[in-house]
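K.L.:
Protein chains in written order, with my numbering: chain A, 453 to 971; chain B, 453 to 971.
It should be emphasised that the hints constitute simulated quantities derived from the structure, not laboratory data. Some clues are possibly wrong.
[As the list claims (entries may be wrong)] Here are some chain B residues the structure puts well away from chain A; computed CB gaps all over 10 Å:
hint, residue
1, Glu-469
2, Thr-489
3, Ser-525
4, Thr-749
[Said to hold, decoys possible] With a cut-off of at most 30 Å between alpha-carbon atoms, the simulated DSSO-like pairs for lysine-lysine come out as follows:
hint, chain 1, residue 1, chain 2, residue 2
5, A, Lys-944, A, Lys-959
6, A, Lys-608, B, Lys-687
7, B, Lys-478, A, Lys-838
[Said to hold, decoys possible] Computed, partial: chain A to chain B, Cβ under 7 Å:
hint, residue
8, Ala-464
9, Asn-535
10, Met-539
11, Leu-540
12, Arg-543
13, Val-553
14, Thr-676
15, Gly-692
16, Ile-945
17, Asn-947
18, Glu-948
Please read these numbers as outputs of a predicted model, since none were measured by experiment. All C-beta atoms, glycine included, are put in the ideal place defined by N, C-alpha and C.
Number of protein chains: 2
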Amino acid sequence: MVVEGKDAEQMAKEHKEISISEFFEKNRHLLGYDNPTRALLTVVKEFVDNSLDACEEARILPRIWLEVKPTTSDRFRVMVKDNGPGMLDKRIPKTLGKLLVGSKFYKHIQSRGQQGLGTKGAVLYAQLTTGKPTTIISSTGNGKTSFYELMIDVKKNEPKIISHKYVEDGRKWHGLKLEMEIEGRYVDSRTGVPEFIKEVAISNPFADIIFDGPEGRMEFKRGTNELPPLPKEIKPHPYGVELGIFRRMLQDTSSRSIKTFFMNDFTRVGSTSANGICEVAGIDPKISPKSVDRETTEKLFKSMKKAKLLRPPTDCLSPLGESIMLSGLKKEIEGEFFSAVTRPAAVYRGEPFQVEAGIAYGGKLPEDQAVEVIRLSNRVPLMYQKGDCAITKAVEKTNWKSYELKQSGSNLPRGPAIVMVHFASTWVPYTSESKQAIASYPIIIKEIKLALQEAGRRMKSYVIGKRKFEMRQKRRKKFERYIPEVAETLNKITNEDKQLIKAKLQKKAKEVTGVKISG
Amino acid sequence: MVVEGKDAEQMAKEHKEISISEFFEKNRHLLGYDNPTRALLTVVKEFVDNSLDACEEARILPRIWLEVKPTTSDRFRVMVKDNGPGMLDKRIPKTLGKLLVGSKFYKHIQSRGQQGLGTKGAVLYAQLTTGKPTTIISSTGNGKTSFYELMIDVKKNEPKIISHKYVEDGRKWHGLKLEMEIEGRYVDSRTGVPEFIKEVAISNPFADIIFDGPEGRMEFKRGTNELPPLPKEIKPHPYGVELGIFRRMLQDTSSRSIKTFFMNDFTRVGSTSANGICEVAGIDPKISPKSVDRETTEKLFKSMKKAKLLRPPTDCLSPLGESIMLSGLKKEIEGEFFSAVTRPAAVYRGEPFQVEAGIAYGGKLPEDQAVEVIRLSNRVPLMYQKGDCAITKAVEKTNWKSYELKQSGSNLPRGPAIVMVHFASTWVPYTSESKQAIASYPIIIKEIKLALQEAGRRMKSYVIGKRKFEMRQKRRKKFERYIPEVAETLNKITNEDKQLIKAKLQKKAKEVTGVKISG
Numbered sequence: 453m454v455v456e457g458k459d460a461e462q463m464a465k466e467h468k469e470i471s472i473s474e475f476f477e478k479n480r481h482l483l484g485y486d487n488p489t490r491a492l493l494t495v496v497k498e499f500v501d502n503s504l505d506a507c508e509e510a511r512i513l514p515r516i517w518l519e520v521k522p523t524t525s526d527r528f529r530v531m532v533k534d535n536g537p538g539m540l541d542k543r544i545p546k547t548l549g550k551l552l553v554g555s556k557f558y559k560h561i562q563s564r565g566q567q568g569l570g571t572k573g574a575v576l577y578a579q580l581t582t583g584k585p586t587t588i589i590s591s592t593g594n595g596k597t598s599f600y601e602l603m604i605d606v607k608k609n610e611p612k613i614i615s616h617k618y619v620e621d622g623r624k625w626h627g628l629k630l631e632m633e634i635e636g637r638y639v640d641s642r643t644g645v646p647e648f649i650k651e652v653a654i655s656n657p658f659a660d661i662i663f664d665g666p667e668g669r670m671e672f673k674r675g676t677n678e679l680p681p682l683p684k685e686i687k688p689h690p691y692g693v694e695l696g697i698f699r700r701m702l703q704d705t706s707s708r709s710i711k712t713f714f715m716n717d718f719t720r721v722g723s724t725s726a727n728g729i730c731e732v733a734g735i736d737p738k739i740s741p742k743s744v745d746r747e748t749t750e751k752l753f754k755s756m757k758k759a760k761l762l763r764p765p766t767d768c769l770s771p772l773g774e775s776i777m778l779s780g781l782k783k784e785i786e787g788e789f790f791s792a793v794t795r796p797a798a799v800y801r802g803e804p805f806q807v808e809a810g811i812a813y814g815g816k817l818p819e820d821q822a823v824e825v826i827r828l829s830n831r832v833p834l835m836y837q838k839g840d841c842a843i844t845k846a847v848e849k850t851n852w853k854s855y856e857l858k859q860s861g862s863n864l865p866r867g868p869a870i871v872m873v874h875f876a877s878t879w880v881p882y883t884s885e886s887k888q889a890i891a892s893y894p895i896i897i898k899e900i901k902l903a904l905q906e907a908g909r910r911m912k913s914y915v916i917g918k919r920k921f922e923m924r925q926k927r928r929k930k931f932e933r934y935i936p937e938v939a940e941t942l943n944k945i946t947n948e949d950k951q952l953i954k955a956k957l958q959k960k961a962k963e964v965t966g967v968k969i970s971g
Numbered sequence: 453m454v455v456e457g458k459d460a461e462q463m464a465k466e467h468k469e470i471s472i473s474e475f476f477e478k479n480r481h482l483l484g485y486d487n488p489t490r491a492l493l494t495v496v497k498e499f500v501d502n503s504l505d506a507c508e509e510a511r512i513l514p515r516i517w518l519e520v521k522p523t524t525s526d527r528f529r530v531m532v533k534d535n536g537p538g539m540l541d542k543r544i545p546k547t548l549g550k551l552l553v554g555s556k557f558y559k560h561i562q563s564r565g566q567q568g569l570g571t572k573g574a575v576l577y578a579q580l581t582t583g584k585p586t587t588i589i590s591s592t593g594n595g596k597t598s599f600y601e602l603m604i605d606v607k608k609n610e611p612k613i614i615s616h617k618y619v620e621d622g623r624k625w626h627g628l629k630l631e632m633e634i635e636g637r638y639v640d641s642r643t644g645v646p647e648f649i650k651e652v653a654i655s656n657p658f659a660d661i662i663f664d665g666p667e668g669r670m671e672f673k674r675g676t677n678e679l680p681p682l683p684k685e686i687k688p689h690p691y692g693v694e695l696g697i698f699r700r701m702l703q704d705t706s707s708r709s710i711k712t713f714f715m716n717d718f719t720r721v722g723s724t725s726a727n728g729i730c731e732v733a734g735i736d737p738k739i740s741p742k743s744v745d746r747e748t749t750e751k752l753f754k755s756m757k758k759a760k761l762l763r764p765p766t767d768c769l770s771p772l773g774e775s776i777m778l779s780g781l782k783k784e785i786e787g788e789f790f791s792a793v794t795r796p797a798a799v800y801r802g803e804p805f806q807v808e809a810g811i812a813y814g815g816k817l818p819e820d821q822a823v824e825v826i827r828l829s830n831r832v833p834l835m836y837q838k839g840d841c842a843i844t845k846a847v848e849k850t851n852w853k854s855y856e857l858k859q860s861g862s863n864l865p866r867g868p869a870i871v872m873v874h875f876a877s878t879w880v881p882y883t884s885e886s887k888q889a890i891a892s893y894p895i896i897i898k899e900i901k902l903a904l905q906e907a908g909r910r911m912k913s914y915v916i917g918k919r920k921f922e923m924r925q926k927r928r929k930k931f932e933r934y935i936p937e938v939a940e941t942l943n944k945i946t947n948e949d950k951q952l953i954k955a956k957l958q959k960k961a962k963e964v965t966g967v968k969i970s971g
């Protein structure tokens, strides 16, 4: 077989543009659709994330209804309904039928979604595996309801509207209902849908969640009416910006001078710092940002990186807080002791982050197993890539023997406990865009360990207190066994009333051994 | 702090379209630009892959010149020059300055590039970290040379031409030269640039490569003038196609009837199979593909999946072959024994693939270390995510004790050997788009193990032969030590010439212990 080589002309002819929808259709494992089991979980996760984000932004206590029902041996109908703000009728097609359209990509803000890929990815997966459109019903509370059947035109990455009605039905409801049929597999395991929903209920205890699955209905009642504070958007911090982005910011800014550009477009740059940056770079602070050439840009950039600035503000973060964490753990886990710790915020590469840790101990938790680790990132449970995640690594590197759990080497500790870690940040450094593991920056590992150590210390006090209490109880019981005999003897010697002696002795026993333990 | 909730209208206003360039700029770790060390390797890898792919398609024996030189403490100039077919002047901007433009995305063909992201990703990374354009010089052999300085307009995902000349200089050369400055870190380790280049030289021994790095120049001369056969493009196999894709194929086909659609647009569907598929689905084979509704599509799809068809052809693959593998190993590794095995092709999810294994043994290789594993995928060395890769897992699961190497449990074997595995496929199932690890499908693990076992058996014969030889040499030496004494005694007894007896005895010793070992 002789094959002729191609020349440049022939090769050029073969070049084609690829739409982003085509790209993710072919590379769907990148969005979490590697196999039917994980695909079902991913769809559920995208639906629930989307509803929780919308409710939180609208300051509504979420009520989410999720249905997962088999339609054939390898297909499922997945439906979510929420009481969120709903979507504007005319915006529904682009919001759900075009990849890479989103509101959070450009913002420095803590949220579940980041990229504008989640729900659209699910729509794409549904049509790829069952050929069917996604059904959307929505209202914003204006007495009208939108009905859509939607697909994605993969070659153009544009929404394809199969049917559409916008009906004035006078129903004053608001919320969103999504429904689709997908290829999937349902498992009830550590990486399955029920475990995911349970962890969502723990980490979002302000949400009412009903999950109607293949095995029946589960209800997760909200444990608190307190919504965590809405995270605030912040400007980028100079330390976290790269040269290419900095150049684009200079071109796009509406600020008139370099000085006001630094002050307005960044966080933590005041008038003095802005002047200082310009001075070190040898640039007049009054010139227009748009007039800056490449060489000057680089000078300003270097000088900005060297400037002494405050770390980014951290009040833009919205951790769960200790009381919400405790209420989540208590309502879903049958333990006997609970502790929760929220660390002060820290910073990596110009992005603020905050770590929280919770522990549930004892009760009905199994005695001699590796402890379960619940990993949360901006309130979303992480189900896959456990071994790759900074949270797992930090749990393993913590010395749990000091906190009364068993541990051999750098493995997960063993004992009747569940450990929960929440990582909140304006930009979570996931190891891949299926968002299942947090990258192991040293500062992140360190913060997680500090949170775990504090929660561990509290657990230890409880365990030691409990052990003392049990020991004293044992001693009291031994002592009490002899009280009648002692009372009898004392009665014979002193002639005091037998019952009185007995009561006094019993009171004394209680005083000496009755240690109260706190939980 | 009281924060007002947003309504649907406010939320809708915040929705923006994100360009694919912006997406990968922010998520650049997805393309292999997580940190400066890996970024430098990724740029080198994309440059070299691109040159090798172009030369191979044009059937040119590649000659590649690579330069990596520091410009500041944290920046490098990276330059590649090849003798490939060059690029058409007018096509250069889109080919190198727009993400997701490529020639291989839609093809079922074995190649290094797949997505149309590689070189453009490097252009993007350069401008992000140093703000500088990429320089391109190219000619197709027509006596004219193109000069470009190119950047990417990130917001539009369109090329931005900084400067352009197309000069009639009469130089009849063809090839491409790319040059850029990037932020990076140079390491000479197992995951560094020199190791990568060495592995490229081993797996592409038909290429001349000159690498001029920070520590001086290394030259890798080609070891063979034989190019591997050009891989052939194939049509998709019915077993590997999903419903959504099948629908689109129906809409886009130029075939007039369902029957010819099946025969023309798929591999392994002949006239009888096509009729059979239509019959089982209860559909007239003569109807037009474009007239098929959703329900009929699904019927045809199901019937197609159930049809008994031949597995996809495998002559579309282009393995290295045993002789090219041997010449690669021999020219770069100072071992004493080499073996190479090419397995017959196999199929996963409708995609054909083929596994090859090579072993270098002994010589100057270190005695008591874990063996080095060289992982190759469509002739590209894989440098990262070793633990996640099917190749590593298969090496660990092979019982190397049977092949005379040390091994404890399911760890990498120990001994003076290097193991090389090449995975060739029309669609490599990478675990992420930075293309560093192959997914562990059972059939893939099995094929790799079979190749390793065969290569292992050959190594074992050699090792055993060598051991026998050494033992006999030892015995001969012992024997030879007594020859003078024996000769003396025999001389006294028989009066034969002492020297003659001695020579005869020595000859005999050689005959008995002189086992020749093969390599």
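K.L.:
Are the hints correct? Go through all of them and say.
P.N.:
Going down the list of hints, with the structure as the test:
no.: 1; hint: Glu-469; verdict: 5 Å, violated
no.: 2; hint: Thr-489; verdict: 15 Å, holds
no.: 3; hint: Ser-525; verdict: 12 Å, holds
no.: 4; hint: Thr-749; verdict: 6 Å, violated
no.: 5; hint: A:Lys-944 with A:Lys-959; verdict: 21 Å, holds
no.: 6; hint: A:Lys-608 with B:Lys-687; verdict: 23 Å, holds
no.: 7; hint: B:Lys-478 with A:Lys-838; verdict: 24 Å, holds
no.: 8; hint: Ala-464; verdict: 4 Å, holds
no.: 9; hint: Asn-535; verdict: 12 Å, violated
no.: 10; hint: Met-539; verdict: 6 Å, holds
no.: 11; hint: Leu-540; verdict: 5 Å, holds
no.: 12; hint: Arg-543; verdict: 4 Å, holds
no.: 13; hint: Val-553; verdict: 5 Å, holds
no.: 14; hint: Thr-676; verdict: 18 Å, violated
no.: 15; hint: Gly-692; verdict: 12 Å, violated
no.: 16; hint: Ile-945; verdict: 73 Å, violated
no.: 17; hint: Asn-947; verdict: 74 Å, violated
no.: 18; hint: Glu-948; verdict: 68 Å, violated
Comparing the model with each numbered hint stated earlier shows that hints 1, 4, 9, 14, 15, 16, 17 and 18 do not hold.
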